[in-house]
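**Student:** Okay, here's what each chain looks like letter by letter:
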Amino acid sequence: MKIAVCIKQVPDSETRIKMSGPTTELDQTGFTRVLNPYDAYAVEEAVKIKEAGGDVEIVAVTIGPETVKETLKKDCLAVGCDRALLIDDPALQGADEAAIATVLAAVLQKDSFDLILCGIKSIDDDSGQVGIMVAEKLGLPHVSTITHLELGDGTLTAHREIEGGKEIVTASLPALLTCQKGLNEPRLPSLPNIMKANMKPIETMTCADLGLEVPAAKTKIKMYHPPAARGACKLVENDDPAAAARELARLLNEEAKVI
Amino acid sequence: MADQKNPTGGEFLLRETAPQDVFTPEDFSENQRMFAQTVEDFVIRTIEPVREELEYKGNTMLGKDLLKKAAEMGLLMADIPEAYGGMGSDKATIMLISEKMAESGSFAVTHGAQSGIGTLPIVYFGTEEQKKHYLPRLATADLLTCYALTEPGSGSDALAAATTAKLTDDGKHYVLNGTKQYISNAGYAEMVILFAKIDGDKFTGFIVDLGAEGVTIGAEEKKMGFKGSSTCAITLEDVKVPVENLLGEVGKGHRIAFNILNVGRFKLGASTVGGCKLVLKHTVPYTKQRHQFGQPLCNFGLIRRKIAEVTAHTFVAESMVYRTAGLLDDAIATLDKSAADFDYQSIQKVEDFSIECSMIKVFATEAMALAAEEGVQMLGGYGYCQEYPLERYYRDERVNRIFEGTNEINRMIIPGMIMKKAMTGELPFLQAAQAVAQELTGLPSFSEPGEPEFMEEEGKLIANMKKVVLAVLGLAAQKFGQDLKNQQEVLADCADIIMQTYACESGWLRTLKKSAADGGDSALAMADMLTLYVHEAMDKVGILARNVLAATVEGDELRTYVAGLRRLAKHDPVNRAKLHDAIAARIIDAECYTLK
Ligand SMILES: Cc1cc2nc3c(=O)[nH]c(=O)nc-3n(C[C@H](O)[C@H](O)[C@H](O)COP(=O)(O)OP(=O)(O)OC[C@H]3O[C@@H](n4cnc5c(N)ncnc54)[C@H](O)[C@@H]3O)c2cc1C
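Here the protein sequences come in this chain order: E and L.
Count along the first sequence from 1, then add 5; that gives the number in our numbering.
Residue 368 in our numbering is what sits at position 383 of the second sequence, and the numbering runs on without skipping anything.
No lab work stands behind these hints, which were simulated from the structure alone.
Note that the coordinates shown come from a computational prediction; the quantities given were computed from them, not determined experimentally.
Where hints are given, some of them may not hold.
[What the hints assert, rightly or not] Dumping the calculated DSS-like pairs for lysine-lysine here, alpha-carbon to alpha-carbon at most 27 Å: (1) 445(L) / 555(L); (2) 322(L) / 201(E); (3) 49(L) / 322(L); (4) 54(L) / 186(E); (5) 205(E) / 322(L); (6) 54(L) / 53(E); (7) 54(L) / 201(E); (8) 53(L) / 55(E); (9) 23(E) / 157(L); (10) 55(E) / 54(L); (11) 445(L) / 563(L); (12) 201(E) / 225(L); (13) 581(L) / 23(E); (14) 225(L) / 266(L).
Input sequences plus hints: build the corresponding full structure.
**Tutor:** Dropping the structure here:
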């Protein structure tokens, strides 16, 4: 069995984004970069399938600059992926979801994967589109937001979260799944496995290597806006609760203008 | 004297070191950075959820399970050679792991007892059979260990141990009797590296099964800090230990004890550097949020000074720690790795740097003491409450200056080892001291003042500090002769001068290396800290040296020396307030220790 895991390197969620006003590009110098947390569920699920036995190969696939190799090594290869494919093409800078999905589909098509696992979304762009688009482009069945997975003979059963309950879905393989929190508990790499990851191959390629014309983005980010600065907190002090409530209502109405 | 490439311990005083020859944290490899990240993640994932239970409820038994979890991540493998189930990591990696482990609080002590002092005696002094038998299981935490040197009657004076060992008539066992005290991890350890005197006089190491008949583990000590680490006494009553469990050679236990302490010292240096960084991480954001007099605390000059002082000490300590790691790794790299006694030879290389190991232990633990002290102060009332971790750091930090050799004992080692190396001719210290004495008591020479280069002024001060060391320690050695070892105040002051010199030079070399690699602008933060630190250190050195001189000579001789010293220690004052402000500004912006 061959499993592909599509991953993305994203800024750490604790990254402090510095911007004084609206801007078209973020200053990324101080960013620490990590594996997109949802992709960690995808990696872990693939590794669990491999550990359950059988002849399983796991390939981590990603698009990004050279620096993504650190994430590929530490968070994919060192936790159990067998090899990695990195599409490093400067022409893809500013690529949107549709363009990324086109490139991923092209890479994935080169090989015959039985299962493709993605995170439901990446925590930086937060769009949740790429995995599903890839499935569409490859003509594969997909199940999104999965929290449980069982593989059968050429089939799969997945649980997906829906409002107020869960849906149990079956599909045939090959298929693409997007993984949600709750699916598993991603492991950390151990120190010796980090060392061993040095030996595992990371193959780097460009769109041209794939015989692919660089896909044009269908959308473009025009501007980033910093959130409005939070004003000082106002404390309504009054020993009489009724008077305090009145004052609070007045402030919400007249000053904050929210009621 | 050693060749140019391979300096020996203490030699930094007598030679110039090229910046590109020192190891710095900027030189960490990708693997090392990944290891560091993994330890940080381990702490968040495994320690954080049990923090309350461990640190504030004092559940020391958690250590056992946590060791198993650490073992799964390979965190007990770094010190163990590959042939025995470990990773055989270099010292820089081992120190980086210790640094990152600091955030695990009490577990850092637990981890050190298992993977460091409880394991290393076998790595370095064990027979092939002993290594094969124990090390793989120690790496996986299938066997839990500890280290017992201290006794009720012998702490600093460890060789005065009263525990005895007697060979049985059939020659198959030693029978051990005695009590060990303050043993980390003793609450659950299954074996112990223990020292006893054969026939009451031959101090020797043993591997003792704690399940053996006659072993009693005492109650947990009620400690000031590190409340989640197990510390108990071990009592041995006619405990039979098979002769195969003798460690090293009969009567050579001191070799094991002192060398293991040495390794413990450089690891503690690294872990307290980690502690200093934690202080900044947990105080600086608070000083930005908390307003008084209509301003955030971090706007006040006195708060900025605290942030700057803690940061500069952290930077210097960190530079010393990793420079020392590089010295050890370079020395070990000269050995034949395939030699059967490679591990034993490598501990001898470490031993050669016992001066440096003692210096980083004392310097970094005292930097951490300063950080904890100022950290509590910056938090005001919250610094005194358990809601913030500073209260805990303040208590935990205290023992760092007591164990792994008290800071007093380590201060005695620093000049003591230098004199020992001087006497055996290993370091041409006395010759160099004589030359400086002539310069000091002779007529002053005047050099042309020019436009100083980057860090040139600081470089001159550091060169002068070395001369001060040579002058005062050389003079003390000459005046006191054999009695120098009894002049503890003179020795301690000399130790401080030597330590400040190493501290300043380590930071200075690192700053130069950084600016050479990435341009002067990239090293501006380092340069600010170093300028601040070196000038303060030179003031301290001046006072310490005057005290040594006054305790050593008198009358005209004293006056001549003091005049010479004044020339060496002379430096224009720097605008400290401005430097404090610039250093603090970077830290306040980043909300943690940073060199950017
Ligand atoms: C939490 C904790 C964990 C520990 N874990 C271990 C462990 O795992 N294994 C182990 O073997 N030990 C352990 N120890 C013991 C520790 O190493 C000793 O406490 C330490 O060596 C000091 O010995 P002491 O307590 O007997 O103090 P003492 O030696 O009695 O010292 C008391 C004071 O006198 C000073 N002093 C002593 N001699 C001199 C001198 N010659 N000149 C000047 N001043 C001197 C000391 O510096 C100190 O200030 C631990 C201790 C603690 C608190």
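**Student:** Run every hint past the structure and note whether it holds.
**Tutor:** Structure-based check of each hint:
1. 445(L) / 555(L): With Cα atoms ~11 Å apart, residue 445(L) and residue 555(L) stay inside 27 Å; holds.
2. 322(L) / 201(E): It holds: about 21 Å lies between the C-alpha atoms, which stays within 27 Å.
3. 49(L) / 322(L): violated, 34 Å
4. 54(L) / 186(E): holds, 23 Å
5. 205(E) / 322(L): holds, 26 Å
6. 54(L) / 53(E): holds, 19 Å
7. 54(L) / 201(E): Roughly 20 Å between the alpha carbons, so the hint for residue 54(L) and residue 201(E) holds.
8. 53(L) / 55(E): Between residue 53(L) and residue 55(E) the Cα gap is close to 24 Å, so the pair holds against 27 Å.
9. 23(E) / 157(L): violated, 71 Å
10. 55(E) / 54(L): holds, 22 Å
11. 445(L) / 563(L): holds, 22 Å
12. 201(E) / 225(L): violated, 43 Å
13. 581(L) / 23(E): holds, 15 Å
14. 225(L) / 266(L): violated, 50 Å
Going through the hint list in order, the structure does not satisfy hints 3, 9, 12 and 14.
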